[in-house]
Each structure stands twice: as C-alpha cells, then as structure tokens.
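Asker: The task is simple: from the sequences and hints, build the whole structure.
Protein sequence lines correspond, in order, to chains A and B. The numbering of the first sequence is the working numbering, which starts it at 277 and goes up by one. The numbering of the second sequence is the working numbering, which starts it at 277 and goes up by one.
Rather than coming from a laboratory, the hints here were simulated on the basis of the structure. On a predicted model such as this, the values are computed, not experimentally measured, just so you know. Treat each hint with caution, since some may be false.
Here are the simulated DSS-like cross-link-like pairs (lysine-lysine), alpha carbons at most 27 Å apart as the crow flies [what the hints assert, rightly or not]: (1) K279(B) with K289(B); (2) K279(A) with K769(B); (3) K279(B) with K289(A); (4) K769(A) with K726(A); (5) K726(A) with K726(B).
One side of the interface only, derived from the structure: several residues of chain B facing chain A at Cβ under 10 Å [unchecked claim]: (6) V544; (7) A548; (8) I718; (9) V722; (10) A723; (11) T785; (12) C788.
Glycine included, each C-beta is placed from N, C-alpha and C at the ideal position.
Number of protein chains: 2
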Amino acid sequence: MDKRFPILEWLPKYSKEDALGDFVAGLTVGLTVIPQSLAYASIAHLPPQYGLYTSFLGCIFYIFLGSCKDIPFGPTAMVALLTFESIQNKGPEYAIVLSFLSGTIQLLMGIFKFGFIIDFISGPVASGFTSAVALVILTSQVKDLLGIPTSGSVFIHTWSSIFGNIHHTNLWDAILGVICIACLLLLRIGSKFSLSTVDDGLKRSKIQILGNRFFWFIATSRNAILLLICGYIGFCFFNNGLVPFSLIGSVPAGMPSFKMPPFSFEKVVGNATVSVTFGEIVADLGSGIIVVPLLSLLENTAICKAFADGKTINPSQEFLAIGVCNIANSFVQAFPASGSLSRSAIQHSSGSRTPMCGLYAGGMVILALLFFTPYFYYIPKATLAAVIIAAVIFMVEVRVIRPMWRSKKKDLILGVTTFIACLVFPIEKGIALGITINFIFIFHQVARPKISIERLKTGQGLEYLMITPDRCLIFPSVEYVKNLVNKQSNKQKIPVVIDCTHIYGTDYTAACAVECLTASFSSKNQLLIFYNLKPSVGAVFEGVDPKDLEVAYDEQGLHHALENKTMQSP
Amino acid sequence: MDKRFPILEWLPKYSKEDALGDFVAGLTVGLTVIPQSLAYASIAHLPPQYGLYTSFLGCIFYIFLGSCKDIPFGPTAMVALLTFESIQNKGPEYAIVLSFLSGTIQLLMGIFKFGFIIDFISGPVASGFTSAVALVILTSQVKDLLGIPTSGSVFIHTWSSIFGNIHHTNLWDAILGVICIACLLLLRIGSKFSLSTVDDGLKRSKIQILGNRFFWFIATSRNAILLLICGYIGFCFFNNGLVPFSLIGSVPAGMPSFKMPPFSFEKVVGNATVSVTFGEIVADLGSGIIVVPLLSLLENTAICKAFADGKTINPSQEFLAIGVCNIANSFVQAFPASGSLSRSAIQHSSGSRTPMCGLYAGGMVILALLFFTPYFYYIPKATLAAVIIAAVIFMVEVRVIRPMWRSKKKDLILGVTTFIACLVFPIEKGIALGITINFIFIFHQVARPKISIERLKTGQGLEYLMITPDRCLIFPSVEYVKNLVNKQSNKQKIPVVIDCTHIYGTDYTAACAVECLTASFSSKNQLLIFYNLKPSVGAVFEGVDPKDLEVAYDEQGLHHALENKTMQSP
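Answerer: Spelled out as structure tokens, the structure:
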C-alpha cells in the first residue's frame, strides 16, 4: 500500500498514553494558535477572524492524511506574507480562492509524486529566503508597533516609508509593543530553563517538579497570557473612555458558514456593483498560484526534516495532505496555510504522540470563535505585532553562517545573495534569483568536468597519454572534453587513452563528438583508445557507427592494444 | 596573445596559391550570394535590395576577425526567418536596428567569452530546431510559388491559410516554380557527379577534366544561372506586354548610403507623421534581441564544427567576429546575418584557403548593386521561392533519426518534440521548450544517482552494507541518498559503509545531510563509515562539524575500523 492514509498505521495501535500526550500537546498548541491566527491575518492584511477561520478545519483533516506527528496545520507567518504578496489588498475573496487553488496544485503534485521538487531548493537558498522572509514580516509589523502608516511591501520600500513617517509614532503603542517583545523574549528564554539546572542525577523534589512544569506552561503559553493581560489593559482603558492604543476592533462572532469558495463574486466600487469572474481572479493572483503552494511546502518539509528523527520523510504525501487541508479550508473562508515551525516546536516539546493533537487545537479555535470573539476587541494591535516579531526574529538563520563559511564558501555567497535579493526585490523574485544561480552552479558542474592528464608507459616502454574525465559525458561538457582531447593530442603526438571509469552516463551529442574524434584521430594516424567503457555507455557510442572505435577493458588489454596497433601503423 | 585577430596568423604567410584559391572560391560564392540575398530578403519580408545590402560589408570585416576560413558572412535563411519573427512586417528600420543590437550582444558575449552557452543546446535539440526552421521557411515560400496570398507565421497557421486560398493558385507561377525546383535539384545531384566515375587510378584525359570542371561550375552556380534564364524569360514576356508571373519589381540601384542605424525615425501613418523612439523599437523587438543573436550563432558554430577538420574551434571568437560584422552591416542598412551553411559548403568545395574569399564575394555584390539592379526587375518571384526551397529542404535532418534511435532513444524523443514544438508554436518558443526539457534531463541525472548496495564481509566475517553512489553528492540528490541510506540501515541493522569513490564534488546541503545521518546513526548505535572520501569533499563535510564522522581510506583501514568499533559498542 502506498501510505496515502497514514492514520491507518497509527490509529489501530492508539493507546491511552497516546491520547493523553496528544490532548496536552493539542491544548498547548491551541493556546498559541489563537493569538498567532489573529496576528498572522494581519500579515496577510486580512481582518483577524480570517486567521481563526484558517485554524480549525484543516488541522482536523491533517489527522487523516498527515505523515508527521508534529505538524500543526494552520496560518504561518511565511505563507501569510506570500498570500499578501499575491492578493495585494484585493480582499478576502482572493485569499480564499488562492487557498483553494494552492490546495488543488498541492494535491495534484502529491498525487503525481512531485514532492521531489523541494529537493531543488538547496540549504543555502532556503536559509537566505527564510531569513529574509523573517525580516520582511518584522518590517511589516513595525507600523502597528509604532502606530504609524507605511506603504510598500518590499523590504527596502517599507523601511524608507517607516523613516518618512517615524515622527508620527504613537508613544503608547511603541512602549507597549517594546515591553511585550521584551516579555515574550524573556519567557522564551525561560522556557529552556529549569529550577534545578544541575543535572545531578538526583530525584527532584515534588515542588521543584511542579515549579518546573508551571514555569514551562507559562513560558509555552506566553502568547495567550500576554494577549489576556494586554486585552484586559485595553479593556480598562476603553471603559474609562481612553483609547491610547490602536485596538483590533470588533471581530465577528460565530463560526464561518460552510460554503463554496467565492469563484466569482460581486464587489461594490463607489456606487456601482462590479462582478468579478473566476478568470479575473486567476489573472490577478498571477504567479502566486504557483509560488504560494510550492514555497509553503518548503516550510512544511523543513519541519518534517527537523522532527524526523532519522525516519524517511515523504514530501509527496505532505503535498497531498496539505493540499487537501487547504481545499477543505477554502470552504470555511480560510486563507492559504501550512505547517507552522514555531507551533511545531511547541507541539513536539509538549509530548505529542500522533497527528491527533490537531483535534484539540482545532477544537479550541472553534470554542474561541463561538464564545471569545467579543473579548478580542480590546487587544492592542501593538501586542499582536509583538507576538509576530518575537516569533519571526528566530527565523533569521544567523547560526548557519559559520558552518556554511567553513564548509563551502560558494554556498555562503549564494545564501547571502538570496537573502539580499529577497530584501531588495519582492521575495518570490528573490528566491527565484537564488534558485537560478544555484541551477547555474549545477550546469557549470555538469559542463566542466575535471580532467586529469597523465603521460604513462606500457611494459614495453611505449608512451601514451591517459585522459580521465571525472564525471558523465553529456551535451554541455562534450565540446569542452573534445577540444581538450584534440588539443592534447596535437601537442603530444603519442597514442591517447580516454579513461571512461567515471563516465556512467552519456547521450547522442557525446556519441557524435566521439565519432568526430575517432575520425579525426584516424585521419591523422594517431591511436585513440577508450578504456574501461561501461557497456551502457559503449552502446550509445556504437549507435552512431563511429569508425575505428578502439576499446579496452582492462590494463593488460589496453597495453596489448597499444603495442599491437602502434606496431601495425607506419 | 588571445587570437582576437586571427588575420595576424594567416596573412603573414599568405601565398600566391592561397590568393588564387581564395579568388576562385570567392567568385563562386559571389555567384550564389546574389540570388540568395534577393531570396532571403523575402523570407524576412523585406524589399530585395536589403538582402544585397547585407552581403558586402560584413563579409569584408569577417576577413579580419573570423576564425574559420569557410564562413561566408551574409544573409541566411534561418536568421532571415528569426528576423521576420522579431520585426513582424514593421519595416526595414526595425531590421537594421535589430542587426545593430544583435551585433552588440554578440560582441559583448564574445568579449566576455560567453561562447560556451552554445554547448547548452544539445545535438537533438539543434537538429529538431533546424529541421523545423527549414519546413517553416519552405512553407513561407509556398505563397510565391503558387502566387497566392497567405497569412500567419506559425507553420500550422500558414498551411491552413494555404489550403484556404489554394483555389487562387496562379498556374504560371506554380509551373515555373516547380520546373525551377526540379532543375535546381537535378543540378545539385549533378554537382556530386563526374564524367569518369570509376576511380581507376588512371589519369583522366584533358577533355574529361575540363568537362568535369565545367559541369561542376554549372552545378555550383546553378542559382545564378537559373536567375539569369528566368529573368530573361520574364523580360521577354514583359516586353511583349504579357506578365503571367509575379515579378520582383524595381530594385533601387546603387550602394546604400553609409549612415547611423535608424535608432529613432519618423513614420507616415495615414496622413500623420509619427515619430518612433529607440525605446519603442526595443520594446517591439522584444525577446528577438536575445533570440536572434544567440540562435544565429547556432548555425555559425555548426559550420565551424563541420569544417574544423579536428581543429579546436573557439565559439567566443566567432561571437565577436559575427558581432562586429553585424554592427558594421547596420551602418549600410542591412538586416541580421551570420555564416551560411549552404554557401559554406560551396566555399569549402571551391578550394578556399583563408577568410580572404569574403573580399571577392563582397566585391561581386557591390558590382551587382552598382550595375545589375535594373535587370533584377524581371526575375519571377516563383524562381526566388524555388531557390529558397531547393536550399532549405536539405536542412531537414532526416539522416540523424536512425543513429539517434540506435544511440539514445530519449534523445530522439527530445529531437522530435523540439521539431513538433517549433512547428506548432513560434519557433523561438519551440526551441525554448526543447532546451527546457533537455535541462530537466540534466536535473534528473544530477538528482537521481545510481546507487549500488552490496552486503559484504570483513576478514573476520563481520557483515556490513556497502552503499556506492555513482556521482557527486549535491543538493538535488542529497535527500534521495539520505533517505535510501536511512531505509537500508533500518532494514538491515548492520554497519553501513558509504563508498565515496565517485563523489568528486559536494556542497553545504550535502554536508548538513551527512551531519544529520551521523547523528541519527549515532543515536541508534549503528556504525556509519565514509570510505575513500576525497579530501576536498571531506573538508566540506567537516565544515558543519558532524559528530562521530568515521572515515576510512583503504580496505584494510575500513575492515580495521569496522571490527574495532563494533567490538567497542555493546
């Protein structure tokens, strides 16, 4: 069986311990997903309720299809940013249709096993892109943190707009925001802290254990706690008739209705009603229809790898699962989503056992939609901005610079180039540039084999030239190798042997070049022998009927051929 | 020295024999270039004199910079077609600016040694493209052959238009055209024929030799002779007041004026005069500015290879030479040009010695411009169409199908796909599709190494798994290899050895995967050894500080490590 339904593997052995672990992890993730949903909706420039709409149905569908126990499906900062870049403030209808289309493309790629295309984004490009995304998102939140208007979605444009408006800063927003960020960062550090830091092998006292658990809980649900506190502060100010902060404002209560995605809809422009067709939506979304589904899988696959524990991961199955979740989500007015790295870490450390966690996290979002939306009104925008900023700054992968530098400097240059390109251009163009440069590396590697040239002697003292290319001979390298062989053979008029040990693949273009080589060697009466030719490669060469193709399969045969043939020729 | 002026190599040793050979070859090519110039201008949908303008200055400049003695620079069928696809009947000004821009790009690519990019067009793609170009050109001439109007520049559209108008066929044009094609084909066969076909080693009589030479001359200058005869027929009909054929019509006499290319110009539209700016011209030419210079080099490089006689060719020098010729040409109102394969064959077989031939061919075109243009009036269009058709049908490379099939079937499929794509879409899109598919082949080859897996034993009978990838380990293949190693090691819980003999290159992404592998093997207490790791590859792996990286450099060391380490572990 093809493991299209991973649930069939784990559900039959589902135990009480699994249930408890999943319940605790699910609730903990739920405490994070609610504030993140509200916040990430603002990255996509959508009203906050759309974040909640994105957070319950998909993560329940993921239980059935997901292959990784630590993926909490829902809105993520990166996908929200990509969504914003695609829909460009054109309204939630576009986001919902984008979720449907992204899901469809992901589903198709999953069914046709196109998961491998994630492999074509190398580590350095992914790091550069992710780091830039983090800075772009951080930048997009500065406006709420300072309470100023900004424009532009490209990093450098937004910053120039921020500096242009910085004198409009609302001090209350700014102070609250900075305090919130400080609290979140401190609690984050605290989450890695325990009351008894010495690993002394002794049993800890009950108080220590309880204290550690309590501390861990506070640190893990820091976003929710912060929202509660700041919401209360907002509420108090509001009740006293003072609103020094920008607040979220009213969030519609209740569940979204279950209905078809708005493939065409009517829009009010001025006094007129304009109908927007499906074709127009698709045209407006443009390349986003490809970029969003592919790059959101980048984040998702990174999570799978991070928590795989040596298990084989199957990106195609993840494509399929995420695709179905996004399609389902589009029926409850959600925007595109994926697995979220920040919540994954929480889910993993909270002791998740199976994807069942999604049930409890989704359930909490449903409860929030049904009962808590009136209270969201008072949450200051600066607090949400702080939640986002405190989450994304750790996406900037400063830690990879040193190993990349020591491992392969070219890769570091590539990573930095991608990073800068994503800040200077729209991010999808930035990563496209990075991928293109990386492809050029591959082409260069294919086109320019390393070729060693040695002057050797047979037992009888006959000198010959041994030319050894180190990789397969296919069209981009054919002319290079041919020219080099010609040049060397013209310089030193002795028999030439091409060592084909490392030539494991070839093509018609190479066969033609070989034919050309044998003909020109034959015409200048110089001996050319192909040594250790693999049968599959030899068959391709034979296909073009090269005249005088001399082949030798071991050293003895080679020396024999060299000595015999040289004797025959004048 | 960089050989930027190949003339410095051959001119100092220029002999009387060289001069005679070049003179004869130059005149023979001149007899071909005049009818071809008139004809190829019609492929570009330009008035015939522009073909002549394209044929004299560039081929004189080529003498100084060209690296191949058999290249007669001038209009070619393929480049004329590409020019037409770019300028789309917008007028000769566009063609002249295109010649300047193409030349500039070729010059820059020559200076910066970008000649290697021709290597990225494989044999099958080039064959499919060239064959399709031949059919598209042939199709474009059917209108003149039948004397009917047609529309559409894409193969399939033109043919549907031909069948729609076939009842308008002018019988006189059609009959003359078919007779002309038949004569040209017969004479072409004749050019490979000699009076004494038996190679009997005896001296031939003087009459035989003279006869052979005469026959060869007639066959080689068949285009010019046909034009002369048909022009005379047209003249006779015209003088009797009968014009049953479409004639070329008046060709302006005299040399073109030497002036700047029309970077901006005024155009009469209806009653108004509209000025066209350089920006508008560039925008209208669009991708043609890249496609024309690159693909015209494809033809040129193919000629160099065909007549290289085992010498190393330097595509960058050809880029540079052709670039300068096109720039110079744009000052005498020429359209883009390149080396022509059909005239190359004539130049080669006429005994050319150096690029000096261009002087005589160019001289003849100048004479034609000065004195013969009035006579061109009477040449029937069907004769020119016949000249083109008889030249291009031999560009359809049917002969490569059999060797391609026997050599590598995937390449044949690629060639046929490119061929069909060039007929169904505009040709530049067709070849782009072919190149893209070919690149996917490369990516697949890089991403999916062949990996052999063996179960071996040390001297002491310890079993281990030997995993040998056959090519370098870079990012697209990293996950594949890692997953395979994980899977195999989980299946058979014995020490695993990765044989790195063929891994000659790697990158940061691979290093991270290796780190991940060593960590997971270490955590499951299984031994993992990298065998025969090249120092350069090892250094990249070490960069990310993998824990427990075990390395062995020879069989003895490997067995020693296997036995020792296995003893240590529980």
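Asker: State for each hint whether it applies.
Answerer: Verification of the hints:
| no. | hint | result |
| --- | --- | --- |
| 1 | K279(B) with K289(B) | 16 Å, holds |
| 2 | K279(A) with K769(B) | 24 Å, holds |
| 3 | K279(B) with K289(A) | 76 Å, violated |
| 4 | K769(A) with K726(A) | 23 Å, holds |
| 5 | K726(A) with K726(B) | 20 Å, holds |
| 6 | V544 | 37 Å, violated |
| 7 | A548 | 34 Å, violated |
| 8 | I718 | 6 Å, holds |
| 9 | V722 | 6 Å, holds |
| 10 | A723 | 6 Å, holds |
| 11 | T785 | 4 Å, holds |
| 12 | C788 | 6 Å, holds |
In the structure shown, a violation is registered for the earlier hints numbered 3, 6, 7, in ascending order.
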